[in-house]
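**Student:** Each chain, written out:
Protein chains: 2
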Amino acid sequence: MPVCEIISVGTELLLGEILNTNARFLSLELAALGISVLRQTTVGDNPQRLAQALKDALSRSDIVITSGGLGPTADDITKEVCCQVMGFELIVDEEILTLLEQFFASRGIKMPHSNKKQALVPLGGTVFRNKNGTAPGIACEKDAKCVILLPGPPRELNPMFSESIRPFLSKYTNGVILSHTVRTFGIGESAMAELAEDLLNSENPTVAPYAKDGEALLRVTACAQTAEQVESLCAPVLKSLLERLSPYVYGVDVNSLQQKVVELLTEKKLKVALAESCTAGYTAKRLTEIAGASKVFECGIIAYSNEIKIKLLNVSPDTLKEYGAVSEQTAIEMAKGARSAGGADIGVGITGIAGPEGDGSDMPAGLSFIALADGDTVRVEKIETGKPLDREYNRYYTASRALNMIRLYAVNF
Amino acid sequence: MPVCEIISVGTELLLGEILNTNARFLSLELAALGISVLRQTTVGDNPQRLAQALKDALSRSDIVITSGGLGPTADDITKEVCCQVMGFELIVDEEILTLLEQFFASRGIKMPHSNKKQALVPLGGTVFRNKNGTAPGIACEKDAKCVILLPGPPRELNPMFSESIRPFLSKYTNGVILSHTVRTFGIGESAMAELAEDLLNSENPTVAPYAKDGEALLRVTACAQTAEQVESLCAPVLKSLLERLSPYVYGVDVNSLQQKVVELLTEKKLKVALAESCTAGYTAKRLTEIAGASKVFECGIIAYSNEIKIKLLNVSPDTLKEYGAVSEQTAIEMAKGARSAGGADIGVGITGIAGPEGDGSDMPAGLSFIALADGDTVRVEKIETGKPLDREYNRYYTASRALNMIRLYAVNF
Chain B
1 MPVCEIISVG
11 TELLLGEILN
21 TNARFLSLEL
31 AALGISVLRQ
41 TTVGDNPQRL
51 AQALKDALSR
61 SDIVITSGGL
71 GPTADDITKE
81 VCCQVMGFEL
91 IVDEEILTLL
101 EQFFASRGIK
111 MPHSNKKQAL
121 VPLGGTVFRN
131 KNGTAPGIAC
141 EKDAKCVILL
151 PGPPRELNPM
161 FSESIRPFLS
171 KYTNGVILSH
181 TVRTFGIGES
191 AMAELAEDLL
201 NSENPTVAPY
211 AKDGEALLRV
221 TACAQTAEQV
231 ESLCAPVLKS
241 LLERLSPYVY
251 GVDVNSLQQK
261 VVELLTEKKL
271 KVALAESCTA
281 GYTAKRLTEI
291 AGASKVFECG
301 IIAYSNEIKI
311 KLLNVSPDTL
321 KEYGAVSEQT
331 AIEMAKGARS
341 AGGADIGVGI
351 TGIAGPEGDG
361 SDMPAGLSFI
371 ALADGDTVRV
381 EKIETGKPLD
391 REYNRYYTAS
401 RALNMIRLYA
411 VNF
Chain Z
1 MPVCEIISVG
11 TELLLGEILN
21 TNARFLSLEL
31 AALGISVLRQ
41 TTVGDNPQRL
51 AQALKDALSR
61 SDIVITSGGL
71 GPTADDITKE
81 VCCQVMGFEL
91 IVDEEILTLL
101 EQFFASRGIK
111 MPHSNKKQAL
121 VPLGGTVFRN
131 KNGTAPGIAC
141 EKDAKCVILL
151 PGPPRELNPM
161 FSESIRPFLS
171 KYTNGVILSH
181 TVRTFGIGES
191 AMAELAEDLL
201 NSENPTVAPY
211 AKDGEALLRV
221 TACAQTAEQV
231 ESLCAPVLKS
241 LLERLSPYVY
251 GVDVNSLQQK
261 VVELLTEKKL
271 KVALAESCTA
281 GYTAKRLTEI
291 AGASKVFECG
301 IIAYSNEIKI
311 KLLNVSPDTL
321 KEYGAVSEQT
331 AIEMAKGARS
341 AGGADIGVGI
351 TGIAGPEGDG
361 SDMPAGLSFI
371 ALADGDTVRV
381 EKIETGKPLD
391 REYNRYYTAS
401 RALNMIRLYA
411 VNF
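For the record, the sequence lines run as chains B and Z. Residues in the first sequence are numbered from 1 upward in steps of one, following my numbering. Residues in the second sequence are numbered from 1 upward in steps of one, following my numbering.
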């Protein structure tokens, strides 16, 4: 399979003024075509540095795709630099020139002289129409190397890739690459990697662990002639991983814990109500990221103060006095209160200390209690994140633990 | 001034699985320090390719900053490769090792053997504490070159840069560089830039506009021998910007809209209660990101269904029948209901259609109504984002508008 590099051109990228979404878009598209991306490089609007980046990339890779620097202004230099590096002559493409003139005429504007340079194309190159702008895409092929120049604006680059570049690249690809992601909760990246250690060195499929938002993921990627062959390469590895990690795996190729929770609650026809103190809406916010969450979640109560816990959640003042707001007992009464307030099948109560300051007691920030109550039973979890200063993590992780408790309840329901 | 390159390490970046926000963050921060970024490079978790990328970067630049590849697993190789390229020996840092062991102990977990490698640091290098994760940051300085290794997760990298790397880099910059950020809400980036057009070309201070999370920002950066001189360069420009943008500016050098809201409510001794339907906790979650929010926010009610709106917020069934759940009238009754349920000074009611699906009516997703009620008056805003398919944006932007309504009420209180 050919290897590819992506070069993003634009000083605004080096200044951090815009986020480079093109490199990600192109990487995703190329992976789907089975073309592996060796490097992504970003350079400014500087001819020498762009020329050097192009030469470096061509020395390592078969295909180089650039984005940006095809505009009409003096600092748009990608086409000129590429032709000089590849040894192509630039000539006027009358058809493109006519299209450009029509483009401006249709907007009732006379074409600025500077736009004429956008009608220059490399003699012997391939030109791709730009339906959403003035800069055509271009491919220069020589000595078994291919450089493809794409416009910078995503609304021009993305459709051009789908309509013209993907078909153009098919002659370079033989086979497919596909990945599956195993998502776990409740185990660290390194502990997970140890359980999968012998698989981490396999060649095809490859198995790569990584951590994301306090969760541990494993990506299984295989390459073969057909999608079917890829799947049959992945299947045994996935099976083995699911066996080893079964207590922790919440899904394969699902987007998030909350997505899985909403799927399960919908499937089991269960409604949940939330009472949140330290997470203060974070759990509800994440549940409702999922379209259709309203089928399984109707009611959440954010109760920071004791008064609100008593008034809206029917928590007993004695409980608060005897055990404190951050306690197993209060979490349980909050869960029961949420359940009855929301008329839900299960209620979840979350109380803790988000940090960075403590609550005046000797309890550490990062400590929280989560209770889940259905009609008959109650379960409680105590959490200590050990990150007293990290309010965001404490809130996010506590919400994740609550979501995972709901998931496990629904799985076993 | 020194030149710098950024190397992002991670196969998931080359596969397009995640967007490279670190390169942008670092570029913005370095620009603010007056350090120009020559290149951004992304390579996978591959020792040879990372080594080559490091050598290439060091041959062109004075400073190289990497992100990613400092984790505990076998494919985390940045530190090892950097030390090999720079000729540094790795030794165990007992202090870091103790911190790691405490980190796991606090979670009641035995530290996995693989995490020990995170306590390895280059002999003669500089180590930066990671308050939000297990991988310390590292700087290797040799032969007038400096390589700085940072962890990949933005939650760890961003605070580490602000707390440790920015001060560390000061010795590489001559003079003082300071920037101020003017944050606005309710005006687009280009409209804002037009109002500031003549200032955008100034040299010292520089004025750079950018857009972030649906807000428009202006960064004013000056360089001089002393902080006082920098401030006196910035002052007139800031003054002029605040005059031109006054209806939109919510703060200078504040972190977020919610931070400003919590500051203002605290200062004015006002308590707010929330009733959220379409945002379903997003507004409360953002308010409570701010430590100390409990002083001004005690009660939030998430009411997705009509039943809950009636039961917990005392919304009249007739109102729901006559005007519908997504209406000015329902928003007003939700605001009043939240205010009395929470015993707060002001109540805010938010009802709308987050999307991507509509609610069965002819109203578009992205439509919402926000009402704010104090004892005497009520104000309502109608919002149409025009992005029916973008659930996340609709929820985030609607929450931002609610926060901005609270801000304006408090400003004028």
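Hints may contain errors.
Copies of one chain are not kept apart here, so a pair can be met inside one copy or by any two copies together.
[What the hints assert, rightly or not] Result set (DSS-like, lysine-lysine): computed pairs, CA atoms no more than 25 Å apart in a straight line:
hint, residue 1, residue 2
1, K271, K311
2, K311, K336
3, K212, K116
4, K110, K268
5, K382, K131
6, K117, K131
7, K110, K212
8, K321, K142
9, K142, K239
10, K311, K110
It should be emphasised that the hints constitute simulated quantities derived from the structure, not laboratory data.
**Student:** When no copy is specified for K117 and K131, does a C-alpha distance of 25 Å or less occur within a copy, between copies, both, or neither?
**Tutor:** within (18 Å within a copy, 52 Å between copies)
**Student:** Pop the pair K321 and K142 into one bin, within, between, both or neither, using alpha-carbon distances up to 25 Å.
**Tutor:** neither (74 Å within a copy, 61 Å between copies)
**Student:** Under a CA distance limit of 25 Å, which applies to K271 and K311: within one copy, between copies, both, or neither?
**Tutor:** Both ways: K271 and K311 sit 23 Å apart in one copy and 17 Å across, limit 25 Å.
**Student:** Is the C-alpha distance from K311 to K336 at most 25 Å within one copy, between copies, in both cases, or in neither?
**Tutor:** Both: 14 Å inside a copy, 17 Å across copies.
**Student:** Evaluate K382 and K131 at a C-alpha cut-off of 25 Å and name the case that applies: within, between, both or neither.
**Tutor:** Between copies only: 23 Å across, 42 Å inside.
**Student:** Evaluate K311 and K110 at a C-alpha cut-off of 25 Å and name the case that applies: within, between, both or neither.
**Tutor:** neither (48 Å within a copy, 42 Å between copies)
**Student:** Between K142 and K239, at a C-alpha cutoff of 25 Å, which is it: within one copy, between copies, both, or neither?
**Tutor:** So K142 and K239 fail the 25 Å test inside a copy (44 Å) and across (48 Å) alike.
**Student:** Is it within, between, both, or neither for K110 and K268, if the alpha carbons may be no more than 25 Å apart?
**Tutor:** neither (48 Å within a copy, 36 Å between copies)
**Student:** Is it within, between, both, or neither for K212 and K116, if the alpha carbons may be no more than 25 Å apart?
**Tutor:** between (38 Å within a copy, 20 Å between copies)
**Student:** First find the shortest C-alpha distance between K110 and K212 inside one copy, then the shortest across copies, and answer within, between, both or neither for a cut-off of 25 Å.
**Tutor:** For K110 and K212, the Cα distance is within 25 Å only across copies (21 Å; inside one copy 41 Å).
When the structure is compared with the earlier hints, violations turn up for hints 4, 8, 9, 10 and for no others.
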